[in-house]
Structure formats: C-alpha cells, structure tokens
Amino acid sequence: QKEVEQDPGPLSVPEGAIVSLNCTYSNSAFQYFMWYRQYSRKGPELLMYTYSSGNKEDGRFTAQVDKSSKYISLFIRDSQPSDSATYLCAMREDSNYQLIWGAGTKLIIKP
Amino acid sequence: GAGVSQSPRYKVAKRGQDVALRCDPISGHVSLFWYQQALGQGPEFLTYFQNEAQLDKSGLPSDRFFAERPEGSVSTLKIQRTQQEDSAVYLCASSLVRSQKEQFFGPGTRLTVL
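Residue numbers (my numbering), protein chains in the order written: chain P, 1 to 111; chain U, 1 to 114.
Bear in mind the hints are in silico, worked out from the structure with no lab data behind them. Virtual Cβ for every residue (Gly too), placed ideally from N, Cα, C. Do not rely on the hints blindly, as some may be mistaken.
Not everything, but these chain P residues come out facing chain U in the computed CB check (under 8 Å) [unchecked claim]:
1) Lys42
2) Leu46
3) Tyr49
4) Lys70
5) Tyr71
6) Phe75
7) Glu93
8) Gln98
9) Trp101
For lysine to aspartate or glutamate, the following EDC-like pairs were computed, each having C-alpha atoms within a straight-line distance of at most 16 Å [unchecked claim]:
10) Lys11(U) with Glu68(U)
11) Lys67(P) with Glu3(P)
12) Lys101(U) with Glu3(P)
13) Lys101(U) with Asp86(U)
14) Lys14(U) with Asp78(P)
15) Lys42(P) with Asp83(P)
16) Lys2(P) with Asp86(U)
17) Lys101(U) with Asp83(P)
18) Lys70(P) with Glu93(P)
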C-alpha cells in the first residue's frame, strides 16, 4: 500500500461546477500538505500549502486537512476549462524535506 | 524572471546508451532536487543537493544513476547503460532554502529508452 493514495480519475465536470479532489495517507507524522497543478508536458506548480490541520482559502481554491482521518481535500469553485490539468497532492514530515506524492487526479472541465 | 530550465526537453536513447540531463535552477537557489515521474504517477524523489554538496541520494534506483552540481548552480543527472525501465520524465526543482515550502519545478526531460 502506498503512503499517499489518490484516485487517478479522470474526473470530468461541466464548467462552473464545484470540484472536490482528495488524498488519503498513512503516515501520521506528515505535517506539511501541498496541492500542485500540472499541465500536460509541464512541471508541477504549487497551488495551495497547509501546515497541520485546518482550512485555507485562496480565491476559488480551498484546501482542507483532517489529520484525524488522514484525509486532505482541494475544492475548486466556479471551475473553468483552464483548470483542466492533473492535480497532485504532496506531503512531508516536519523534519524531512522529502515530498511524498500522490499519483495525481486528471481533471477535465467541459465548456 | 527566468524559472527552472531543463534540457533537452525530449531524449530518445537506445538501450545501453548513456544519457546526460541538464538542469538550470533559479539563480541563487541553494537547494536542488531531482525527481523521476513515470507515466500516470506522481514524482519520486531521486536526489538532493545543497549548493554543490549532494546530501541525499537515497532515491537513486541503481548505481547507473549519477548526479552532480559541481559549482552549486547547474546540475546534471547522468544515466549509464540505459534500460527500458528508465523511461520517464525527469523533473528538476529548486528552492531558496531546504525548508522552503515551495519547490519550483522545471518542465522536465522526457526520456524514452528503446
């Protein structure tokens, strides 16, 4: 079993819908939680970053961390076709710089 | 401003050939990471440099993989005697310091071994 599990999709939704992307993990020592967006043939770019539990909002994006359930989520409101990409979760321990990644979820927003 | 650049963007090698992949990090970034991303998977850590020192090479899959950053800026990942299972995208990332929350990624080099 992988340390970080993420449904690969694809997830296809109509423009304007609310999107929910999720990851589960097994290592209770993870403290830093990130969401990266990766367009085709590009490197990942950081979208959201959360330390420990709680919610964080940035424009149309909201990241949630539930450490008791070892579950993290990314919500995208008013989704746009330009949001179509692969979304990767990544996490690490407090004292370890190594990021552990999910496999990525391919998201398709239909106009 | 310039981001992380990698070259070549695409490389096709015959099995058994040696390849060298280059990474130009953001100027002034101390930390440099190499990752391997297989199709449909997330990146897997290969190695980490702080300036010119290779502090962690625990992710290198075999002794055919070698990385260097001799002057603390440009880095090269070398793969000797390439095998088909080496086919992947090789990503380079840099950050200002090791603990910085954001690693900035290059576009990757897609290696195909025939």
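Verification of the hints:
1. Lys42: At 5 Å from the nearest chain U Cβ, Lys42(P) passes the 8 Å test, so the hint holds.
2. Leu46: Check passed: Cβ of Leu46(P) comes within 5 Å of chain U, closer than 8 Å.
3. Tyr49: Hint on Tyr49(P): holds, closest Cβ of chain U at ~5 Å, below 8 Å.
4. Lys70: Given a least distance of 17 Å, the restraint on Lys70(P) is violated.
5. Tyr71: 17 Å, violated
6. Phe75: Violated, about 20 Å.
7. Glu93: Nearest chain U Cβ about 12 Å off; hint violated.
8. Gln98: 5 Å, holds
9. Trp101: 3 Å, holds
10. Lys11(U) with Glu68(U): 19 Å, violated
11. Lys67(P) with Glu3(P): 14 Å, holds
12. Lys101(U) with Glu3(P): With Cα atoms ~20 Å apart, Lys101(U) and Glu3(P) exceed 16 Å; violated.
13. Lys101(U) with Asp86(U): 29 Å, violated
14. Lys14(U) with Asp78(P): Violated, at about 47 Å.
15. Lys42(P) with Asp83(P): 14 Å, holds
16. Lys2(P) with Asp86(U): Since the Cα atoms of Lys2(P) and Asp86(U) sit roughly 21 Å apart, the hinted pair is violated (cutoff 16 Å).
17. Lys101(U) with Asp83(P): Not OK: Lys101(U) and Asp83(P) at ~23 Å, beyond 16 Å, violated.
18. Lys70(P) with Glu93(P): Given pair Lys70(P), Glu93(P) holds - Cα atoms ~13 Å apart, limit 16 Å.
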